[in-house]
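Turn these sequences into a full structure, and let the hints steer you where they fit.
From first to last, the protein sequence lines stand for chains A and B.
Reminder that position 37 of the first sequence reads as 30 in the working numbering, one-by-one numbering, no gaps.
Reminder that position 124 of the second sequence reads as 117 in the working numbering, one-by-one numbering, no gaps.
Keep in mind that the hints were calculated from the coordinates and are not lab data.
Among these hints, one or two may not hold up.
Identical copies carry no separate label here, and so any pair may be met within one copy or between two of them.
[Said to hold, decoys possible] Computed cross-link-like contacts, BS3-like style, restricted to lysine-lysine with a CA-CA straight-line distance of at most 27 Å:
id	residue 1	residue 2
1	Lys53	Lys106
2	Lys53	Lys10
3	Lys106	Lys57
4	Lys10	Lys106
5	Lys14	Lys106
If you want the building blocks of each chain, they are given just below.
2 protein chains.
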Amino acid sequence: MVSLRKKVEMERKNVTKMIAKPGQQEVLFIREFNAPREEVFRAWTTPSLYSRWAGPRHLKSCLKTFSPRTGGSYRILHLGADGINFITRGVYHEVTPPERIVATFENESDPDKGHPVLEVFNFDAISARLTRVTARLVFLTSTDRDGMLNAGIEQGMLESHERLEELLANSHVEDYLINVIDRDKRRQIHPRIVNP
Amino acid sequence: MVSLRKKVEMERKNVTKMIAKPGQQEVLFIREFNAPREEVFRAWTTPSLYSRWAGPRHLKSCLKTFSPRTGGSYRILHLGADGINFITRGVYHEVTPPERIVATFENESDPDKGHPVLEVFNFDAISARLTRVTARLVFLTSTDRDGMLNAGIEQGMLESHERLEELLANSHVEDYLINVIDRDKRRQIHPRIVNP
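The following block contains the structure:
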């Protein structure tokens, strides 16, 4: 039997709030998820989970490198059925479970090099089953920031969050997570994935 | 015999220009050095050279980790005769010789965690013996930026630049550099230094 409180939390409709003030060089994304903080953090740092939700729906994420630990790095190939194909990469300045990830980000496929983004993700436990994620993206210039806004970052972030919520809402999600992590430990599914 | 052009360049008095607009979350430092771009870049990425100029004069820099390559990291202990003792650290998002370094920075000794800085250093060859370095430091907030300004970042940067200029002005600097690099390759002087 599902308790009333749990039922209310499960039915809670979450929204992604974006804050991007004119002339500034940053964007904030704030979103709550109906899951414990540890579970949300795990979805951010487990390769077989991360690749299932990160990015817009029309792109498949192939993790070429994925080592979410302080000093680690990542490199992701984004594949679209419509022929879209680009690579994003960065390094992890800090990964402190289950509270914070600090990383850099750059579109490696952009011919204009030297435009990195600093990303800070803070994971706050609002309750035992409600987690708030605050993402602060800081750009080199407000022009870089506006370029990313025009490229549709808000829609991409919204779809990512919805996909993550669907993944977390799976009633067997905890069992699923444990099975996946165990399986990842036993064997390397994708030879190019670097496990954390 | 020293040519007139070389004499003029050697006597050129360089200054460090700082740009920090009110309410913004960034600081720019622009400085020219009387040396070829490759030489300036090498001083930024060779441990035995970097430790001799980076930081204000009253602090000794001990490189605990120093791996200036894309995906590498650094960790530096700053020691003062007056008992000052703190650690700074970060990761290298991109190191592209001799033109660009993109890294993160954080004062590990600060009890308030999660305040990284994104740093981009661009090395431009103005002439064969004159190099301009533009450092753009982007902070999480303007409050973080102002805190660093109040902590005396301008004086620290100025002293670093003067020390680097002194190192580069050594008439035997190229021979010195080659000797140091060869020696570093032959043996690990400091067991905790990771060579690039």
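Okay, the hints, checked on the actual structure:
1. Lys53 - Lys106: So lysine 53 and lysine 106 pass the 27 Å test inside one copy only (24 Å; across, 34 Å).
2. Lys53 - Lys10: Within one copy, since 25 Å is at most 27 Å while 46 Å is not.
3. Lys106 - Lys57: within (20 Å within a copy, 30 Å between copies)
4. Lys10 - Lys106: between (30 Å within a copy, 25 Å between copies)
5. Lys14 - Lys106: Both, since 25 Å and 25 Å are each at most 27 Å.
In summary, this structure violates none of the numbered hints.
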